[in-house]
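Asker: Sequences listed follow chains A, B and C, in order. In the numbering used here, each residue carries its 1-based index in the first sequence increased by 152. In the numbering used here, each residue carries its 1-based index in the second sequence increased by 97. In the numbering used here, each residue carries its 1-based index in the third sequence increased by 75.
Among the hints, a few may not be true.
[Said to hold, decoys possible] List of simulated lysine to aspartate or glutamate pairs, EDC-like, C-alpha gap at most 20 Å:
id	chain 1	residue 1	chain 2	residue 2
1	C	K124	B	D644
2	C	K335	C	E140
3	B	K295	C	D372
[Unchecked claim] Residues from chain B that face chain C, not an exhaustive set, calculated with beta carbons under 8 Å:
id	residue
4	T257
5	V410
6	L460
7	M567
None of these hints come from the bench; they were simulated from the model. No residue lacks a Cβ here, since even glycine has one placed at the ideal position from N, Cα and C.
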Amino acid sequence: MNKSKLAVILVIGTEAVFFTLLILAFLYFRSVAKGNTPEGLLDVVKTGIFSLFLFSSSFTVWRAEKNAEHQKIKRSAFWLFITMLFGVIFLTGQGIEWNFLIRHGQTISRDLFGTTFFTLTGFHGFHVLAGLLILGILFILSLTGNFNHKNTVNSVGAVALYWHFVDIVWVVIFSIVYLGVKL
Amino acid sequence: MSNSVPTVRNIDTISMPGEYKGLLSWVTSVDHKQIGIMYLLITLFFFLVGGVEALFIRIQLARPENTFLSPDAYNQIFTMHGTTMIFLVVMPMLIGFANYFVPLMIGARDMAFPRLNALGLWLLFFGGLILYYSFIAGGAPAAGWFSYAPLSEKVYSTTTGMDYWALGLLGIGVGTVASAINLVVTIIKYRTKGMSLKRLPLFVWMVLVNGFVILFAMPPLNAALVMLLVDRLLNASFFTVTTGGSPILWQHYFWAFGHPEVYIMILPAWGIISEVIPVFSRKPIFGYEFVAGSSVAIGLLSFAVYAHHMFTVGLGHPFNTAFAFASMTIAVPTGIKVFNWIATMWGGRIRFTTSMMYAASFLILFTIGGLSGISFAVVPVDWQVTDTYYVVAHFHYVLFGGTLFAIFAGIYYWFPKMTGRLLSEKLGKLHFWLTFIGFNMTFFIQHILGLIGMPRRVYTYPNLPGWGSMNMISTIGAFILAISVLVFLWNLIVSFRSGKPAGDNPWEAWTLEWATSSPPPPHNFEKIPLVRSRRPLWDLKHPEDPDWKHES
Amino acid sequence: MQTSSPFNPVSPGAHDISTLFIVTLIVAAVIFSLVTGLVLFASYRYRQKEGEGEPPQVYGHRGLEITWTVIPGLILIFLFILTLITMHKSDPTASPGTKADLVIIAHQWWWELRYPQAGVVSANEIHIPVGKKLYTLIESADVIHSFWVPQLGRKMDAIPGHPNHIWLESDKPGLFLGTCSEYCGAQHAWMRIRVIAQPEAEYNAWLADHQKLPVFPTKGEAAKGLQVFEEQTCINCHSIAGVSSNISIGPDLTHLASRKTLGTGILDNTPAGLTRWLKNPQAVKPGINMPYMKLDDKQIKELVAFLETLK
């Protein structure tokens, strides 16, 4: 296993604990809220559709990784671009949802649901954004002839791993927050 | 099979290699040795700041109902003293040592990610600046280093101090995790040929275990900090009772970080002791596998004991029982180490350099701290002494008498390697005795203060019998410590300028960092010796009885 | 008055803890002596002497490792068992539905006291009957505090939203000192506790006294003082039964004159002390919630005269 992949696995380990704790806080406060949860305001279908873009981007980033490994650089660049596009679409969906909630009075300060919902989805969105920035850097590197170096190719695989992680975290959050899955 | 002979640097040319000259080369450096030294210098600076804060505390407490500091000023100062010593001194100082010495000890040229290494350093520096900026931005944080909610919430801590505290710690925390990742990847992937994990120097083993503890202990803190910031800045309700939040949630998350944190602050120190004692006893470490294995056990167990900080929260007997059990269990691997270190000294030919004096007294002082720690695992005893000066005594024994003494041992041991010059033994012995006497005078009596009812974190106290005189003794001890620090600084300065040239291996030690010049060249090694055991240089020097004949 | 130490126990629970503590300290002393003795002995016996070569290289010893794993383990099991026993003995669980004899509500930086069954409200100085166990609730009105009187037993945190309980009891009469034991902000240092244990008859008399409404002065300085109390917004924060009640922003003052200290322990309760306090409480105890009231000397004199009647 190359050093980049090992490093990202460790990053995933530490961030997984971070998200677990935010999710636990969400679950704890939901369990003591005695049924006063305004999940009715959440649009599961709309968010579900936007989520599909995020889930699909795991496939696209995998393609980017494979193409980079085989030095098919133009294709890798293409798949990177699609990955970023899908990521941006997902974040746009998040923004639309947040805007809707806030306009209808469900702010972060209104109640415990607001507190935990916005913190959890906010930090997930932040991690998506960070991923997008890194993908952007890789995209630029692919266009400027830097993908022939082994370290750079390894980074694509490592970043892809991070991207899958961000995806899986969203699977968990979506299930618990939107689908009401109890643990 | 050829064993390589390390290059001997000419005494006349002992100085930092050309690349190391100039401030800009330091500030932009990605070399692990320069970064390591910068960690040590930055943490030394914060050590002095934290020390001055401690002196202020001790002056205020020297007499009952003293008026040297206002209550508000005192509360800010004790909060900053604790926060500084933990996040800006002890933890990063150990990371600094790891940065410098891990690549050398495993025969590598640098860390796995040199630029990430620099990032960690500068996040520490700027995180510290953000934290200290609070003093001139309306007031430093004043809710104690563990900032319990709801005291830390906006309604009770009205200045921006708490926000700077949280932001500063987040910055420092990210840097720490970056360093941990770097160290773990470096140790796993960059060991020289022949250096299996079973042949790692124990300092490197401890850093490896520590890296994992950091990776899993920092997230609870980061989660708690962001939740606090969201509460304070966006009026959310994580910890505010009046709107349904839970102060106890803060405590769970904080201590899930806070307890492993104290192991983060001791594991590398144990590593230093495991290097120093064998060299100055002229014997290999006794029970290598047990010292290494017990450290892994402690790393894992450290997450299972955290709620012993919450025995008085009222979470019920079953809850307390579980954590008492785990807390007592963790004492066993800790004791194993102490006995192995003593056994290493046993039958040796002990050379009492300053480094060894610090290491030997570590054994005694750390044991005292460990024993008072075990008394806290006895839940009803904790119910009496938690939150008193008995606790303050306990943690200063393990963190000062323990970690800091180990750090001093490490400095006297490794300064020659880093600078090419030996620290003065004469000044070193003076430093040692002043520290030993000052430390014990300051802190032993605090056990007693706790046992006669003095709570911690108080800006003053009533004139009850004995309280004033004991506090005065403690304050005098603190000033002796201050003098010891001055002696130490003097030693550093004088020896750096004109200390005796050290040569490659002044202590006749056996691990790879001694197989190169002092200081090492930028690429670390001209030639790396063959590694067939835990002590490659012993094997070189004693081909008739090499270690690999005795190791499993 | 004895030192406020866990080693001067005056309740059954504190006795149990004290015994366990002494056992723990003895175990610690033995281990300490062993470790220190070994280190000092080895330092002396095996110090380097002139002209010696390297000593025999010893790598380990299985038997020793087992010994110093198992023996400490056994010692800890012993301590663990004692811990369990004492934990339950010194702090027995209450049966559900137990009525509170005393409710202590911690505030920044004073203690509100309520004896629900007697209908008595007081502050800071706790009276208890000798030889009886009081089921005591520990609560907080603001941040986390902790109630601790070493001679009477364990400390217990006062956490807002999470009521706790302890059994408060003393074997003998006397004054027992304690203190808030969880950093609670600016004046944590001056949140002292005074527990006065009295023989049952005296305690009942004290309780009865505290149930009575005060007789308000109708003439002289003291009467004017009552007027000052009502007009100068004191009643917005302080209760005095018969004048204003059910306010607990500041301590209940109905029987202020019966207490020995002011400001939760920072001043003695004398006319001079009370005058100093009223002149500017912020100068005495900076940071507390009672503001500088800007009373003039005449008003203060009258107030003091009035408050001194509240026995």
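Asker: So, V410 (chain B) near chain C? Judge it on the closest CB pair being under 8 Å.
Answerer: 5 Å, holds
Asker: Just to be careful, I want the Cα atoms of K124 (chain C) and D644 (chain B) compared with a cutoff of 20 Å; is the pair within it?
Answerer: 25 Å, violated
Asker: Would you mind confirming whether the straight-line C-alpha gap from K335 (chain C) to E140 (chain C) stays at or under 20 Å?
Answerer: Violated: K335 (chain C) and E140 (chain C) sit about 60 Å apart, past 20 Å.
Asker: Within 20 Å, alpha carbon to alpha carbon, are K295 (chain B) and D372 (chain C)?
Answerer: This hinted pair is violated, its Cα atoms lying about 81 Å apart.
Asker: Per the CB criterion, is L460 (chain B) less than 8 Å away from chain C?
Answerer: With Cβ-Cβ at 5 Å, under 8 Å, it holds.
Asker: Once the shortest beta carbon distance from M567 (chain B) to chain C is found, is it less than 8 Å?
Answerer: 12 Å, violated
Asker: Hint T257 (chain B) vs chain C: min CB-CB distance below 8 Å?
Answerer: 17 Å, violated
When held up to the earlier numbered hints, the structure conflicts with 1, 2, 3, 4, 7 and fits the remainder.
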